[in-house]
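Asker: One line per chain: the protein sequences are A and B, in this order. Using the working numbering, you'd call the opening residue of the first sequence number 1 and step up by one each time. Using the working numbering, you'd call the opening residue of the second sequence number 1 and step up by one each time.
Calculated directly from the structure, the hints in this document are not laboratory data. Cβ coordinates follow ideal geometry from the N, Cα and C atoms, glycine included. Any given hint could be a false lead.
[Claimed, not checked] Covered stretches of chain A (in silico footprint by chain B; criterion: 3 or more residues with CB under 8 Å from a CB of chain B, positions within the stretch not fixed):
| hint | stretch |
| --- | --- |
| 1 | 167-181 |
| 2 | 235-249 |
| 3 | 272-283 |
[As the list claims (entries may be wrong)] Sample of chain A residues lacking proximity to chain B, with all beta carbon distances greater than 12 Å (derived):
| hint | residue |
| --- | --- |
| 4 | F46 |
| 5 | R148 |
| 6 | A206 |
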Amino acid sequence: MPAPDPAAVRKPARRWDVFARARATLDAFEHLVGGLGTTVLALVAFLLVAATALACLFGVGVLLVPAALRGLRAVADRERARLSRWGPEIIGPEPVPPGLRAALTDPAVHRELGWMVTHATLGLFLSLTGLTVSFSAVTNTTFPLWWRLLPPEEASTSAMGLWTVRDLPGALGVSLLGLGWIVLALLLVPGMARLQAWPGRRLLRADPGTDLALRVAQLTATRAAALDAHAAELRRIERSLHDGTQNRIVAVTILLGAARRALARDPSDAEAILERAQSAAEQALAELRAVARSILPPVLTDRSLADALTGLATTCPIPCRIDADIPVRCAASVEATAYFVAAEALTNITRHSHARHATVTVHRDADRLHLQITDDGHGGADEHSGSGLVGIRRRTEAHDGTFMVNSPPGGPTTLTVSLPCGS
Amino acid sequence: MRIVIAEDDPLLREGLALLLRAESLDVVATAADPDGFLAAVDAHRPDVAIVDVRMPPTHTDEGIVAAVEARRRRPDLAVLVLSAYVEQAFATELLAQGSSRLGYLLKERVGRVEEFLSALHRVAGGGTAIDPDVVAQLLTRSRPDTRLDRLSPRERDVLALMAEGLGNTAIAERLFVTDGAVHKHIRSIFAKLDLAPTDRADRRVTAVLHYLEDAHRRA
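Just chain B, with the same shape it has in the complex (with noise of 0.2 Å):
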């Protein structure tokens, strides 16, 4: 897997480089700002890309700009953003163009580094990863009056997992029960929301913030 970072602090750059070379991915090059970045996407052709959201010059969210910039010249670019903290907006604007390929994170979480190896490797194979904040202030938005309220609250837990890009076998894990047991759960859940079912997990997440989206703009 050929990586490249993009994040303007020094010791956040090397620290994650570090990282990721002693789980022996291929970090191919860093970059501290938004031109950096994109050069080096064009030059290395890397598998995916872990960028920062708040970068030079103004620091606001030229990381959005620069990740959505670089799907925009290669489509199969997976793109892993990372940030200091969960701006709703941020995750609406990256998922506006699908959510395939496509991760959103706290910082901090690489620091639980098997979950975020998984998310990475979850992304780099096609996948989604939000973070679980993201999903807890988008469930947390929605008003009272919509059908979220007919789940129950194991069902709640699935969909955020769900929401988080998780798939059956690893919500079966976090939530201590059976593979089958979750398949009921997300049965009901698409029943409930008036959703089709699907095994995608990207398709799953597409459907679950879709939704969530819509009902925080009904409301």
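For reference, chain A alone in the conformation it holds in the complex (with noise of 0.2 Å):
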């Protein structure tokens, strides 16, 4: 294979594109602003860890390091989960051990302290400038256009007093000096981005290892319970199909017995009991929809999720609107997943919540579907009282999707599902 001709590969790679430039700044500064937030609540979760190990020299601090630890934990996730939004995904270790001794030897939290310590202030001080030097060529460039709103005193000093601001061209000269910010800008602000997210993406990782091995032990979790979940849904329908639907074939054998019976010894009781076999032929019939429904609804096959949760809104006894955006459908189980979230969580609010209105909006945006479910009843709920919700949450979690409760005592209760769609 002939080697490729060195200028052809080198040029691309050289040229001074200065859009491209321009779009990486604009970029880069966005990513200043959003670590401006992180870098303060580093700085907060480094005078807290400060405060904690100053109050451990007096001996009471001790008890306040599992909470220290916890804060900084939460202020990593943060930057963690701001770090995937614009560059490789960094997933978290397990969470901070539980033992004091366990917490204060655990490299990940050793890890995490060194980057509080360089993100509240090295990546504080890189923020700011970055937001200085923009700043700064914004308000010179644009100087000219609005330096006589200024008073006198205040606007002949905008030159950084390289000279006195008394007149256009003065004005202008700082409009040039603008030109100087924003080349400034473009030389350093991108390269600061990516140096203030570099002790994030260093520390903050989880052990090459112990990444996969974690994300594998996540994988296997969501697994167990979809399994679980799979196994809880056979046995219902398997009772339904026993308890429900063999019940009542067996009574219309059992009626008919009688009636055959009745038929030898006296015809005109058998009418009355074929009656009620007859019956019980149909209650059968309308048990065994019930159940097939309770596997797939055919509405979801047939037409779409949104016609699916259109039924189930007018079956629900409390007023349900359904607000629904899925131009692309989603794979099957996906749809299936939704819906059946829905219902569940329109049967709880049925039965526990006193609600008078129920919401459920569904949309689809690039690669997810989310699913809101609001109800103005009387709030309150908990996920660990037994009720659907740990149904909906390992529905949720089987298709490796999020599920949140927001249910404040007094309500309104919100339950949020996202679901990656899979299609």
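Take each chain as given, in its own frame, and dock them per the hints.
Answerer: Dropping the structure here:
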């Protein structure tokens, strides 16, 4: 294979593409603004940890250590989420070990402490500098447009003391300075954003080994939950078949047996018994339909998720509004999950919430299906009190989705589910 | 014959009561759960209890547990257990206490009214009624290396009907042979299985089931 021409390879990399650079600078500026938030949080965490360490010297801080480390973890998780949005995903380490000694010897905690110090100092400095440079670039460049609005003495010092601004040429000079700031921003800001992110990308990721191990553990757990949910589902179906439908059909055979005996004895009795047998057979059919529908509602396969949800709303005793925006269909299993989550949530609302209205919002953006169920009931829904919420979480996580409950006492209750579409 | 019915499904409970009352049998009480059933047994002193296996609260084996408890309180109570499906473990649990005055049938057998009534009378009279499906399951579960292999196909048929709790005459009728032929088959079965022959139906069933149970355990 011939070696590629070195000039041809190098040329695009060397070319100074102003537009690409400007775009990169704008992105980097956005990252520095976002970074400012986490640097302030890191600074707060820094102060908290320092105060705890100081308190430890007097023996009273030991009790605060777990809380301080958890706080630090929360801040670090924010940074992980932020960095994951514009770079490779950073998967966090396992939770902070519960024991004091274990927590203090955890390498992940050590790295987080290191990140905290760097981010609270260097990171904060970079954010502030980046913002100042960008701010100066904008204000100086546009200076001739608004300098007359300033009080004369304030305007006169706007050229960083290089000259006194009294007239338009002086002001235009300031905008030339602004161009200088722009060049400086184009040169420095992208690198500054990368530099600010670098300690986080280095220190906040889990060990390369545990990284995968953790992901595997997560997948194993959700897979087990998926199988659990599946088994529970099969048990429910088995039960509704055995205790519902089968009993109806057994009743039919018993009544038919009784009717035959009655025919031999007194045919006039048979009519009434046959009538009961027929109604038992009809009930069996109705239950069979209900069981089949509970496995997979036909409207979901034949029509759409929106239609299925509308059907759900009409059978819900509480007035329920469906707000669906799903231009492209998702994988069948995802739609089925969304449907059952909505069904379970509406059942919960009917049973427990005393709500007067419920709203189901569902929309798809790119590769995720978002589902939100809100009611105006008395709130206080608790996932650990044996409600259907555990089932909803299981179903959701089985699809690698996320589930959140927000239900303050007094309401309103909001369930938020997000599922990868799988298509 | 005084009968108590324990069945949580209202339609089945009423259907069963209707059927039995139409046959001039005395259904003295019906119950929808194990507690109600045991209270009815205490209060009405029935001769026979018809009990569904799956009852509240967990719908698993509450009926079996209740039946065993009822027999503990009233050892002379005949119990006919009805089940939605064949579960050998249930049969074994019931038969652990001896097989007289005991029946275990699939629910749908009730629709064959003559056979159901004869099973009911057999159980009430001190005998046994085991569902053909339970017997078939026990027979297939025993491994081929048992002494059962020594039996001819006809003898296996006879053994299966014996296991259901049928008497010689009834077996003869089912197989369209004479009483004498059935007698001969049974003697041959007992000889091949190394069991002492006996005329009492429940002891024959016990022997058969114990033998099958044993074969199943050894396999």
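Asker: Against each hint, give a clear statement of whether it holds in the structure.
Answerer: Verification of the supplied hints:
no., hint, in the structure
1, 167-181, "violated (count 0)"
2, 235-249, "holds (count 7)"
3, 272-283, "holds (count 4)"
4, F46, "holds, 55 Å"
5, R148, "holds, 85 Å"
6, A206, "holds, 43 Å"
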